[in-house]
Amino acid sequence: MKRSIPIFITFVSAVIMIVFYFLNQDIESVKKFQAGILNWVSIIAAFALLLGIFNLLFVNFYKLRRFNKDSIYSLVLIVSFLTITISGLVDDTSATYSWMFENMLRPLSSTMFSLLAFYVASAAFRAFRAKTKEATFLLVAAFIVMLGRVPVGAMIWGKIPLISNWIMAYPAASAQSAIMIGAALGAVSVSLKIILGIEKTYLGGEE
Amino acid sequence: MTITNDPGIWVAAILTLAIFSFLIKDNPLYKLAEHIFVGASAGYYVVITYHEVLVPKLVTPLSTGAVKDNPYNLLLIIPLILGIIMLTKLSRKHSWMARYPLSFTVGVGAGLGITAVIKSDIISQIYGIAFQKPLWFLVDGKFDFTISFFNLIYVVSVLSSLLYFFFSAEHKGVIGKTARLGIWFLMISFGASFGFTVMARISLLIARVQFLLEKFLGIMS
Amino acid sequence: MKQKVLLFSLFQLRFYSSAFATEAEEQISNSFFQVSRIPVLLGLIILCGLILYCIQIAKKGQYIFIRKIAGLNAIDDALGRATEMGKPVLYVPGIMEISDLQTLASISILGHIAKKTACYETDLYVPNRDPLVFSTAQEVVKESYLAAGRPDAFNENMVEYLTTDQFGYVAGVNGYMVREEPAANFYLGGFYAESLLLAETGNAVGAIQVAGTAIPSQIPFFISACDYTLIGEELYAAGAYLSDDPRSKGSLKGQDMGKLAIMVVTILLILFNIVYNMNISSGNDSSEGLLGKTFNVLESGMKGE
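Residue numbers (the working numbering), protein chains in the order written: chain A, 1 to 207; chain B, 1001 to 1221; chain C, 2001 to 2305.
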């Protein structure tokens, strides 16, 4: 019961979504139904967020109670969580909420993202030391395409941007196409096994 | 150079430097920024979920007036119940009940996913190969060797790369050689997409440095 | 499956009858079904049919050969190393939702890895970005420890929710990596810009890293920073490969048959296109006649809406 009903629910909801995909998308009620189901999913996810938040707070309250040198960080986490949550829930146009978003979240996010510049460089440096034939292909293509996208490339040799574009449009695009086809087959297979209840790890227990 | 008096920019600049300091090594300043980041962003998503999902998609449509206008809104009681069942995860004894809403979500995902990938990753790709890369390419109604040859490379690359993904055949003999050709094409593609991204990532860094120099230190404005 | 077959026959009926119908009737006949999606339906039937057929064969006990996949064999090595060193194992199930098929593939691999860490008594840490994935992963890890006969070794803090924010999540996971120095890192699932942020940090702390994703743009970064990378379909195949269920091996064989079918269809369409274009270049007006009409039907059908 604890597993067979969920498997049945998965089957029915998947089959309904598949059937609706093939119905005429110009019919208003078909569109409404599909949008409605997606709304249902986002409502369920909203409740699941509560579970996540409960876990985050629980873990950090626990660390706070142990009272060691790291407890201060858990306190900071809880205080920043509560400040932005309370101010935003009361009024999402409030000054505190906007200030925290603008001066804390936004710079934190974009700085974290910008670290990639350094990491791309260190990854490229490591790749330069690679000695296999495969790695050489990767490296040469990366180098040409990179040069093709900066003015220096054209200065070295006028044809570099052209070759770079050719690599992107032919060997690169075609191999990506193969990856997508392969991955799609994997996805079809996983999805089919889930729909038919062959793959049920996501349900957890055997009961 | 005039360092700003704006406390907001000060906070933003300190947090920016705190994240950059991670590149040298882990330190208390990064740890502080990390905990602020995790806490504040988790809170931010609670606010977003409340204002953009719960209120407009559940609370408002279930209000008395809205239900009178559209009785179908009452169906929203189903996801409401499923959502509440999700919370049984908090109880050891009843946590298995959370499988009901979970299986619904997974089922919808699997159903939507299977048709979406067949359309966009299989049919559209076959269309792209067979109809947009003709091996007998015509320019003004005449055969064009160069482009036809390029298209041949394209087709060979797709087919050999696809052969690399065969699981039920040992990579030996003809299959092995062709799959090896496929790996080369795959590697060229990985290199190309690596090279393509580098400049975009560097421009992100430039934007952050610009913020520190212009907004915080007041240089180069 | 029966429903799909019924739907398909209805479809065919409508499709053929519409060829002889008057314009008014055609509008009605097209009113229920999205005719432009017929190729998707055919694809669905053929691919699912092939996979199901191979699953059936495997179920009957026929031996199915599956070649070794390097990245998957590396999973055991990485776990063994973490155990030897007495250091934890980090498992990142991607940043996508539970309804994403890559996440579901990842959850299935997590089940196998958790069983091993339970047997080896190695510490496991699974940080999450999506709350539904968090709650699923928690259940899966708990059950794997139970199945391995080590429920006592399971600890609620093994699976945590951090934040839904992409980079906030990275900040937290990177912090964990530099402080706890896991010996084996797994990044399996859907990844975007965070792929390299995670993998480079893991590389810096000296962990053995196994990654896998079907997002083509992130594969190069994983390749350059990880020891093994499961490329695209290999991620989906991993769960089946690690599973003892013969049906899973069958499904892998089915995927290969699907690839073969796709290759054959692609080659046939390419040949057809060559014939069509050669006909034009030899001066014939190909838009008329059987060849031209077939070309138009195929071309517009595959193109879809």
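Fair warning: there could be bad hints in the mix.
[Claimed, not checked] So the derived label-pair ranges between C-beta atoms look like this:
1) C:F2032 / B:L1023: 30 to 38 angstroms
2) C:D2076 / A:G36: 51 to 59 angstroms
3) A:A121 / C:S2300: 40 to 48 angstroms
4) C:G2086 / A:W157: 50 to 58 angstroms
5) C:S2300 / B:L1023: 50 to 58 angstroms
6) C:S2300 / B:L1062: 55 to 63 angstroms
7) B:L1074 / A:D26: 46 to 54 angstroms
8) A:A121 / B:L1074: 41 to 49 angstroms
9) B:W1010 / C:A2070: 22 to 30 angstroms
10) C:G2292 / B:E1170: 15 to 23 angstroms
11) B:R1092 / C:K2303: 36 to 44 angstroms
12) B:L1062 / C:F2032: 49 to 57 angstroms
13) C:N2157 / A:S29: 54 to 62 angstroms
[Stated by the list, open to error] Where chain B lies over chain C, by a calculated footprint (3+ residues, C-beta under 8 angstroms):
14) 2083-2097
15) 2150-2157
16) 2180-2186
For the record, the hints were derived by calculation from the structure and aren't laboratory data.
Where is the CB? At the ideal position from N, CA and C, for every residue including glycine.
Query raised in the report: Which of the numbered hints are not met once you compare them with the structure shown?
Result: Hints 1, 2, 6, 7, 8, 9, 10, 11, 12, 13, 14, 15, 16 are the ones this structure does not satisfy, whereas the remaining hints hold.
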